[in-house]
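The primary structure of each chain is shown beneath.
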Amino acid sequence: MRSDRASLGLKIAAGAGLAFLHLPILLIFLYAFTTEEKSYQFPPPGLTLKWFAVAWNRADIWPPLYLSLQVAALSTLIAMILGTLVAAAMANSRFFGRDQISLLILLPIALPGVITGMALRSAFSVMEIPFSVWTIILGHATFCIVIVYNNAVARFRRLHGGILEASADLGANGFQTFRHVLLPNLASALLAGGMLAFALSFDEVIVTTFTAGQQSTLPIWMLTELVRPRQRPVTNVVAIVVFAVTFLPILAAYYLTRDGEHTAGAGK
Amino acid sequence: MRDAPAILPERGLADRLTATFWRHPRLLLILLLAPPLLWLGVVYLGSLAALLLQSFYAIDEFSGVVVPEFTLKTYADLLRAQNLDIILRTLLMASLVTLASALIAFPIAYFAARYARGRWKALFYLGVMLPLWSSYLVKVYAWKLILAREGIITWFADHAGAGPLLARALDEQWFGGSSLSTSPVGTFIVFVYIWMPYMILPMQVALERVPNTMLEASVDLGASRVQTFRTVVLPLALPGIVAGSIFTFSLTLGDYIIPQIIGNSARFIGLAVYQFQGTAGNLPLAAAFAVVPIVIMLVYLAIAKRMGAFDAI
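So the sequences go chain by chain: A and B. Quick note on numbering: our numbering labels position 145 of the first sequence as 145, and the sequence is numbered without any gaps. Quick note on numbering: our numbering labels position 230 of the second sequence as 230, and the sequence is numbered without any gaps.
By construction, these hints were calculated from the structure, which means they are not laboratory data. Don't take each hint at face value.
As the list claims (entries may be wrong) - Cross-link-like lysine to aspartate or glutamate pairs, in silico, EDC-like; alpha carbons within 20 Å at most:
#1 B:Lys-73 x B:Asp-60
#2 A:Lys-50 x A:Asp-60
#3 B:Lys-144 x A:Glu-36
#4 A:Lys-11 x B:Glu-61
#5 B:Lys-73 x B:Glu-61
#6 A:Lys-50 x A:Glu-36
#7 B:Lys-305 x A:Asp-99
#8 B:Lys-144 x A:Glu-37
#9 A:Lys-50 x A:Glu-37
#10 B:Lys-121 x B:Glu-208
#11 A:Lys-38 x B:Glu-150
Okay, chain A solo, but in the shape it has when bound (with noise of 0.2 Å):
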């Protein structure tokens, strides 16, 4: 028997699942074209752009997309900022406690949305805090940490120490060798985190619910949309919208990460 060939059977279950993974996505792009507006009928009776342009005049949108990029830019460098001294510390040193703190920073994520959510709207509540922005930043930027902290350290454990100590060996101080040797190794791995966590900000819902209040950012208005929906292909042309703006951050993540990443564990 030989080892190194894949089964006929093994090649098509997981043919069939990546496709499942993919198909789906296509339809959103179909159906923003689509002359029919008050259903999903397949195959659309009809091909139009007219909704492109409808979606651009629509007045509704442009305040949530705003907000939605204020909030992911914003909760995108808080937790660059937080998430890479963390990595800084947790990276190259043992201390009593690293196991919780690496818990810590994981389970904002590892919990289902909804506790983060909830429990965020209970303090709020405690503590009488009204909703704000900030009160959407504070959340995301809590579950963004991981993300950048996951892309941070990976590359602070591949980075060898040596060359800190040969700055050093040369005459730089610390915040020298931070700027001139550790900052230049670390850029693509923290670009690459902080446009993960913009992807993810950008179209987190799940959280944003619970500490949004009467804000809407475009999820939000998305998942009203879908709830009640009006136009439907202009959901569709603001799916789209929202699939480039998380899609294209995550590819280039990928291409900044690549070398001697193939092994998983990375991201999520």
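For this one, chain A is given, so just place chain B on it according to the hints.
Here is chain B on its own, set in the frame of chain A:
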């Protein structure tokens, strides 16, 4: 260069700080850890504490105002029959979703771990990561299009002559609804679609760790392909499978968007939390409901740890 000092003179504050950190590495560690730990400690753990606190309050039945006094009344409410129904239904769904996910994920992980090389390996990795990271709502929405009564599945069923069969299946009480997008089976399919990718990578890592020599030894001892798989590969990969199931199980347990959009509006834990804090305005009961998945996950994690799942990640 005869008189060059062995130690360079200090050039200012930055140098002095560098020297201090060099002498006291713990100080640097504390400074690095303080901001993130403060954030996670205050914002996250603080909120979890508030959640727990809130669940021990109760709502005044006449005024609808939360009374901030310790009571077990809310937990007594939680244990009512209709609420236990919700919890059991959610547990059943999460278990079914996890099992189905394992069945679909395993061939992908197995192929990626044992047979895919080079370009194919990268392609498989991307093929799993892209759907995993793609927008959650967009993916759910895609299924609303697919499962709709006038959608693509009905169209295919009609053209394959299976239309009546689909209609009859939807008539079954436990299975169907007026269309797939309002049926429990629709909820199930979408849960599997959304949370299954989280299982593939941990499985793949575990399968990659099964040494080839063991498989060869098994073959040398006369085991068939199936026997090798059952007695060597599966037991060795089990911790990884359990590790992967943590995410799928946990995330299904708390999801409230999918049953809201696709399904027969039967309630799940997440949906109950969402409705009690929103329209019903009963924050304490919502908090108590949110504690349920935490407890379930603690038990699940304890079992997973016993099965060695944490060594597999």
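To see whether the hints hold, each was checked on the structure:
1. Restraint check: the Cα-Cα separation between Lys-73 (chain B) and Asp-60 (chain B) comes to about 11 Å, which is no more than 20 Å; the hinted pair holds.
2. The suggested pairing of Lys-50 (chain A) with Asp-60 (chain A) holds, with an alpha-carbon distance near 18 Å, which does not exceed 20 Å.
3. About 15 Å separates the Cα atoms of Lys-144 (chain B) and Glu-36 (chain A), which keeps this hinted pair within 20 Å; it holds.
4. Straight-line distance between C-alpha atoms of Lys-11 (chain A) and Glu-61 (chain B) comes to about 60 Å, which puts the hinted pair past the 20 Å bound.
5. The suggested pairing of Lys-73 (chain B) with Glu-61 (chain B) holds, with an alpha-carbon distance near 12 Å, which does not exceed 20 Å.
6. A distance of roughly 12 Å separates the Cα atoms of Lys-50 (chain A) and Glu-36 (chain A); the hinted pair therefore holds under the 20 Å criterion.
7. Proximity of Lys-305 (chain B) to Asp-99 (chain A) is assessed by CA-CA distance (about 14 Å); at most 20 Å being required, the pair is judged to hold.
8. About 14 Å separates the Cα atoms of Lys-144 (chain B) and Glu-37 (chain A), which keeps this hinted pair within 20 Å; it holds.
9. Under the criterion of a C-alpha separation no larger than 20 Å, the hint pairing Lys-50 (chain A) with Glu-37 (chain A) is consistent with the structure, at around 11 Å.
10. Restraint check for Lys-121 (chain B) and Glu-208 (chain B): the C-alpha separation of about 12 Å stays at or below 20 Å, so the hint holds.
11. At roughly 11 Å between alpha-carbon atoms, Lys-38 (chain A) and Glu-150 (chain B) fall within 20 Å of each other, so this suggested pair holds.
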